[in-house]
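Q: Sequence:
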Amino acid sequence: MMKKKSISASKASLVFFLCQMISALDVPLDSKLLEELLQPPTITQQSPKDYIVDPRENIVIQCEAKGKPPPSFSWTRNGTHFDIDKDAQVTMKPNSGTLVINIMNGGKAEAYEGVYQCTARNERGAAISNNIVIRPSRSPLWTKERLEPNHVREGDSLVLHCRPPVGLPPPIIFWMDNAFQRLPQSERVSQGLNGDLYFSNVQPEDTREDYICYARFNHTQTIQQKQPISVKVFSMDSLNDTIAANLSDTDIYGAKPVTERQPVLLTPTGSTSTKVELRGNVLLLECIAAGLPTPVIRWIKEGGELPANRTFFENFKKTLKIIDVSEADSGNYKCIARNILGSAHHVISVTVKAAPYWITAPRNLVLSPGEDGTLICRANGNPKPDISWLANGVPIAIAPEDPSRKVDGDTIIFSHVQERSSAVYQCNASNEYGYLLANAFVNVLAEPPRILTTANKLYQVIADSPALLDCAYFGSPKPEIEWFKGVKGSILRGNEYIFHDNGTLEIPVAQKDSTGTYTCVARNELGKIQNEVHLEVKDPTMIIKQPEYKVIQRYGQVSFECIIKHDSTLLPTVIWLKDNDALPDDERFLVGKDNLTIMNVTDKDDGTYTCIVNTTLDSVSASAVLTVVARPNPPFDLELTGQLERSVELSWIPGDENNSPITNFVIEYEDGLHEPGVWHYQTEVPGTQTTVQLKLSPYVNYSFRVIAVNEIGRSQPSEPSEQYLTKSANPDENPSNVQGIGSEPDNLVITWESLKGFQSNGPGLQYKVSWRQKDVDDEWTSVIVANVSKYIVSGTPTFVPYEIKVQALNDLGYAPEPSEVIGHSGEDLPMVAPGNVQVHVINSTLAKVHWDPVPLKTVRGHLQGYKVYYWKVQSLSRRSRRHVEKKILTFKGNKTFGMLPGLEPYSSYKLNVRVVNGKGEGPASPDKVFKTPEGVPSSPSFLKITNPTLDSLTLEWGSPTHPNGVLISYILKFQPINNTHELGPLVEIRIPANESSLILKNLNYSTRYKFYFNAQTSVGSGSQITEEAVTIMDEGKMAMASRQVDIATQGWFIGLMCAVALLILILLIVCFIRRNKGGKYPVKEKEDAHADPEIQPMKEDDGTFGEYSDAEDHKPLKKGSRTPSDRTVKKEDSDDSLVDYGEGVNGQFNEDGSFIGQYSGKKEKEPAEGNESSEAPSPVNAMNSFV
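Residue numbers for the sequence shown follow numbering that gives the first Met the number 0, so the first one is 0 and each next one is one higher.
Where hints are given, some of them may not hold.
[What the hints assert, rightly or not] Mimicking DSSO-like on lysine-lysine, the simulated pairs with C-alpha atoms at most 27 Å apart in a straight line are:
no.: 1; residue 1: Lys-564; residue 2: Lys-577
no.: 2; residue 1: Lys-894; residue 2: Lys-856
no.: 3; residue 1: Lys-352; residue 2: Lys-383
no.: 4; residue 1: Lys-511; residue 2: Lys-487
Just so you know, the hints here were simulated from the structure itself, not pulled from any lab data.
Put together the whole structure using the sequences plus the hints.
A: Right, dumping it as structure tokens:
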């Protein structure tokens, strides 16, 4: 089913409207159509009903109208025809009904006062204007009168009357003095609505002779002045003096003093009054009261509330003003004047009347022949207005009859109209307060359909938005409208379309497939017409990356992105706004294709930035806020209040926080007396606090400054506050960190930390130093010293405890009694060495030493601990000496044992022990000799494999660098590696310790072997070294290959071998590159799955070892020799180093003598330096690796 709805006025402009009749026609505002259609006259412009004119200027009475054909104009004056041709001073403008009355050339405005009405007429009817009342403005002079001076007693009330001349329109009243200055007004003195000047009570300062009332006549731009009024106020004192001068001493005289009086209303008078106001006007009610003290005015509405939003108080609440009054504002309004002595009130009964106002004004009616219609004229007012009708300016009762017309009160009903029914009807609604006059025509037309929309008009819309295809039409009778899509499309129906009464087709949600050609067809009984329009649906414009909220520090750089996506046929334009206004004209703002960059950001750049993307069809926008933050501005206006001896209150005003809230304030002080120019931290308070109570010290010349802190940083310091010098006082505290430590065996050095300047509390800071020997019944010895921090007491016994105290004093007295500290006189070197030194060897690398403590009296100082000196004398395996390096371990406190780590096995050592105090070391104990047992040896110094043959290899080796005992044998283990990179059975050979080479025989030819070699003492086997080697290829096999020459000379075989050789060369290059980069050789993947052969379990079924596994530190040779040219494997020296035990030069012990820390042992099978060769693999070895 087809949908219909009325289109809004913005979509279809209409000139005439039909009210209540569905069959009435709307005439579109089309200039060409309007030029062709017949139309009755319509008044378009006229002068106001009450027209006050300036008598010095020409009178222009406007009357403009339109119609087809153009109307002619005529006028009436005071109800009779006004023949303008007979009055030379009156002309009518061409093609217009506007009259111009020439006053400036001799005419008099008073002669043309009257009521004028204009009539515009053509063949379709006549329209009339309102009754226009012409009155010239008047600004008469004040009548001359003799004004007597006003003599008033102080405190009395006074009214100065203005009584301006009656003018047209009424003048505006104001009071001024001779200097043309407005007289000041107040609650006591004010001007009433009638222009009079009211004094609630006069004061001496009201005496003057130039109270002048002015009347300004705006229409004639003139001001009239009343003669000045004189006011003289007599005070009670002056009045009493005058009476006393004129009476004898025996007369009883004396004016009463100024007395207070309760309020009395000056205006309005009486207790009640009435007021009538018209609806829509401004209601002004006034109450002015006399009294002393000056009364205060209050307004109420009896039985209701004063209307909100429309009530205002003026003239110091003496005037109640209610705007846009309505009938609901009728009622009793009470004003109450009150002072301390009482009150007075007045009730004003307000009645709101109403001149006529429209409820439904008649509207023009366009009909087709034979149609029906109505004209409705409804108005309201108070009292209710009378409704009367006119036809073409003539009362409808005496107008020519029309059978299609019937009058029913405020309605005219038309039935089966014909073209001769066209006319202009006037509705007049009137009551005693005014009238309303409205013209409405009935225009009967017979017209075939017309389509006013441009042919082939192109409409472009965005997808998913409504598409409105216009088909503006006109015809009488009203045509029917149908829409088609495409050349041979069917009529459009369905819920996806909306058909508007003005012919517009609406597609509520246009899609891409809505694109195409649409045809509008209009038909009535007089004809048919059609028009085509075209629709294109475009992709919407989108902002796919919107600008984001940014917080940036001042002077930084910020960028907002605005990346868009749009229809390829639309050309977008991007505009950036700041706070909904254009960007500042500043080179710091750089607008790019997809972004906006602001360089060197300042505080002014703070705001909202909007990216607006416009095309011809749509517009999208996105906004982001930029917040510019910075360190806060410094506080200002520092003020000190509440100054006391030990405290003061500091207050300040925070500076701008620069968009980052202030978190705290730091208060600093300067002591201008002791440390001028140096600022110290005093305290800090939260950022919400702007006052602080500060504790002060005596005898300090304080200045304060405040620093604001936010997340960005600290502000600059504020300007310093005023200085505040506190009074002197005794010191509050004594020096700290008092110590007594002798520098020589016969003295005591007493030291302390001096008080700072502000801690002295007064001038003349000194110190009283006191001491006495502890545990001896001696008196205190005291001395007063200047402001220093050290005092030396000489001639003391060696290392004796003393009681010490240091007390501060100044010119005003002493500080509180100080606390005592214990110090000692100077130390001397210990006298004796520790005795009974014993050594217990725990293992080949660790021993424990014991000693007896020395008597404390012989220490002669603070016992700091014991030092153990030990050193290696010789190795028992080589009997060779070397440079003696003494090692020292320190054990703190009164310890009597300690551990000696890092010893070398099978060696001879010496040690001694010494006691240590603050002065130094005591004598050494006698040297103690001890020996360490054997240990496992280090790995052999090298392993070299030479002279490879078909079935043998020669091995040579070097003895271990550190035998760590007596060698008893060497252990050699080896196993083959077959073609599939698997390990063969492991063979073990024990070799006497005095041997240094071995020839292995009965080996397989062209086979790779891996060797494991280590030395052995009675304690066990040492670490091993590994190596790999390959036996050479069988020459017989090579000879057999040479006898295949006949085949090798064949071309196909040569080509095949070249291809195989090329493939092998490529593989060799790849493998060589991988191995030089540290990659694993081809069997590494399998080797990683197996452990060292020494810990491989035997297989239970055959007793063989598991597969060969290369430990990380013992990789096999890579397809060629990895050894140097002499096939020697070297091992670095592996002397056991001393692990730091203890706290001396070399280590630290726990209290029980155990070693603190961890042993970090070396890897058992670490390859020696130079174990790998950088020599390129030889072709023979390379071939062997593939056998």
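Q: Now tell me if each hint is right for this structure.
A: Going down the list of hints, with the structure as the test:
no.: 1; hint: Lys-564 x Lys-577; verdict: holds (23 Å)
no.: 2; hint: Lys-894 x Lys-856; verdict: holds (17 Å)
no.: 3; hint: Lys-352 x Lys-383; verdict: holds (10 Å)
no.: 4; hint: Lys-511 x Lys-487; verdict: holds (20 Å)
In summary, this structure violates none of the numbered hints.
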